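Order-wise, the sequence lines are chains A and B. For the first sequence, full-length UniProt numbering assigns the number 1 to the initial residue and increments by one for each residue that follows. For the second sequence, full-length UniProt numbering assigns the number 1 to the initial residue and increments by one for each residue that follows.
Think of the hints as simulated: they come from the structure by calculation, not from any bench. On a predicted model such as this, the values are computed, not experimentally measured, just so you know. Ideal Cβ positions, reconstructed from N, Cα and C, are used throughout, including at glycine. Heads up, a few of these hints could be off.
Quick look at which bits of chain A chain B covers, simulated, 3 or more residues with Cβ under 8 Å [said to hold, decoys possible]:
1) 10-18
2) 45-56
3) 149-163
4) 195-203
Stretch-level coverage of chain A by chain B, calculated; a stretch enters the list once three of its residues show a Cβ under 8 Å from a Cβ in chain B [stated by the list, open to error]:
5) 85-91
6) 215-228
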Amino acid sequence: MRDALLRVCGAACVLLVWEAAGRSGLFLDGYLPPPSQVFPQVVHLLGDPEFLLGVVATVLSWAIGLLIATVVAVPLGLLLAARPLARAASRAVVEFLRPIPTVAMVPLAVVAVGGGPETKIGLTAFAALWPVLFTTMYAYDEVEPLLVDTARAFGLSRSRVALRVALPSVAPFVLTGVRLSAAIALSVLVGVEMLTGTSGGIGEFILLASSGATRMDRVLAAVVVAGVLGYLINEGLERAQVRWFGWRGAEVGAG
Amino acid sequence: MSATTAVRSPRARCGAGVAAFALRWGFFAVVVGVWQWVAAAAYHPFFPAPAEILDTALRLWFTGGFPSGAVVDGPLASLGRVVGGWALASLLGVALGTLLGLSRSASVAAGPVFAFFRSLPLPALVPVFVLLTTLGTRMVLTVVVFGAVWAVLLATVDGVRSVDPVQVETALVYRVPWSVRLFGVVLPAALPKVFAGLRVSLSQALVLVVVAELFAPNGGLGAQLRDAQNKFDFAALWAVLVVLGVFGYALNTALLAVERRLLGWHRAAAGSLGGP
Chain A
1 MRDALLRVCG AACVLLVWEA AGRSGLFLDG YLPPPSQVFP QVVHLLGDPE FLLGVVATVL
61 SWAIGLLIAT VVAVPLGLLL AARPLARAAS RAVVEFLRPI PTVAMVPLAV VAVGGGPETK
121 IGLTAFAALW PVLFTTMYAY DEVEPLLVDT ARAFGLSRSR VALRVALPSV APFVLTGVRL
181 SAAIALSVLV GVEMLTGTSG GIGEFILLAS SGATRMDRVL AAVVVAGVLG YLINEGLERA
241 QVRWFGWRGA EVGAG
Chain B
1 MSATTAVRSP RARCGAGVAA FALRWGFFAV VVGVWQWVAA AAYHPFFPAP AEILDTALRL
61 WFTGGFPSGA VVDGPLASLG RVVGGWALAS LLGVALGTLL GLSRSASVAA GPVFAFFRSL
121 PLPALVPVFV LLTTLGTRMV LTVVVFGAVW AVLLATVDGV RSVDPVQVET ALVYRVPWSV
181 RLFGVVLPAA LPKVFAGLRV SLSQALVLVV VAELFAPNGG LGAQLRDAQN KFDFAALWAV
241 LVVLGVFGYA LNTALLAVER RLLGWHRAAA GSLGGP
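With the rest of the complex left out, here is chain A:
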């Protein structure tokens, strides 16, 4: 009860500081609209079919990108982890590719592929690949060798061991990777939408609202919606993890 009150107070404090900063006159008129202008705009946007279509476009691209990344990264991670030589050899390539910010590939992708949805989905999938790949590889190391040896002793083939023993053991860790990827994917997706400006979604909405006749209240309202969307995604995946793999208890958190 006391904690709930504290949380409300914390959020209220931040909103009050923002309100004060917005009304203080420190910034030119309309450059930092206070929450008393932004939140009505959020309500207005949520009733605007065009904006809602943008939200749907973003969520769909996010889901497709994340799905592609997972489908590619899990088998690749298992393959690399099961072959120590392949894992050691690929390390430099992976360590070099991973830190390149995906948003920096936007100009190249726009000129080579175009500014449509395939660009943003492809780049989102690329960015989301790495956390799933790494957690799958680490998870494979944690698979109980006794289980694998037992299955092998009972005559299961390598592929069946991978499917029946390794995959269920790594699944909770993989979900942790997917959760990390989900946040990165949304962030990259909104960035790509903003930078291409032609592929729809919340990012394009923010770009349009911030250029020309700048409407900062609409920009901030869309940022708030994007943040809430990210929060819902994160919370949803966390709940799914507890629900499906709650029996793994501490191990889930260790991933």
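Put chain B on the given structure of chain A with help from the hints.
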């Protein structure tokens, strides 16, 4: 597995390290070689060969002596902004996070705000700061500090909150002065979690610098990317990506080395106690 590594002599371990190093970079060289061969054979304008990318990089950044204007305005400006912005965000995050973490009420109250900023797609913040600050280094730094601070802040609060109360209370009982309690007990115990936050915020800083430079005329590598895009100069686009990869790799490696040095005791202590 652990038995064999324990028996191995330091010299054998060193040899294995050299072999792993050679394997890793040998494969890297093979990949680059195959790319060179395929790109030269296919001759597709979108996928220039590594040799051509290197040529373009030299032309872009190294014509007219080493500290040419283009290298200072492009790669060095962006690198400075990444490191500077990340350092500022880290200092701010650790300081504020320690203050908040020391009080249970304060960390509970900050919870919802942290949850929002942790899940906010950070690139969306860039347009907000276009109007609020002047373009250039100042804007990029503001975006990086405001965006990358949350990961450090959250990790520090988490780290400080998770310090073993027995340690803190023991220090209290022995009347250890507060500064020693803070820098000798609380912060070292929080350090492993703080470093996890620092790693996340470093990659966020790199992304935010690129988005800020691509989104608005702020100079840096982002401006050179836009320029190359407008000229359909594919080799230059690839060259910038390679430079970003090198920066990312170098920064990550440096941070990991510092972490290994500073946290060596932590892993040793956890090991000797039979901990996780």
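Residues of the segment 85-91 of chain A with Cβ under 8 Å from chain B, three needed, outcome: holds (count 5)
Cβ contact check, 8 Å cutoff: the segment 195-203 of chain A against chain B, three residues minimum: It holds, with 3 qualifying residues against the three required.
Check of the segment 149-163 of chain A against chain B for coverage (Cβ-Cβ below 8 Å, three residues minimum): n = 0 at 8 Å, threshold three: violated.
Verdict on chain B covering the segment 215-228 of chain A, where coverage means 3 or more residues with a C-beta closer than 8 Å: holds (count 8)
Residues of the segment 10-18 of chain A with Cβ under 8 Å from chain B, three needed, outcome: It holds, with 4 qualifying residues against the three required.
Chain B over the segment 45-56 of chain A, status - at least 3 residues with CB closer than 8 Å: violated (count 0)
The earlier numbered hints that this structure contradicts are 2, 3.
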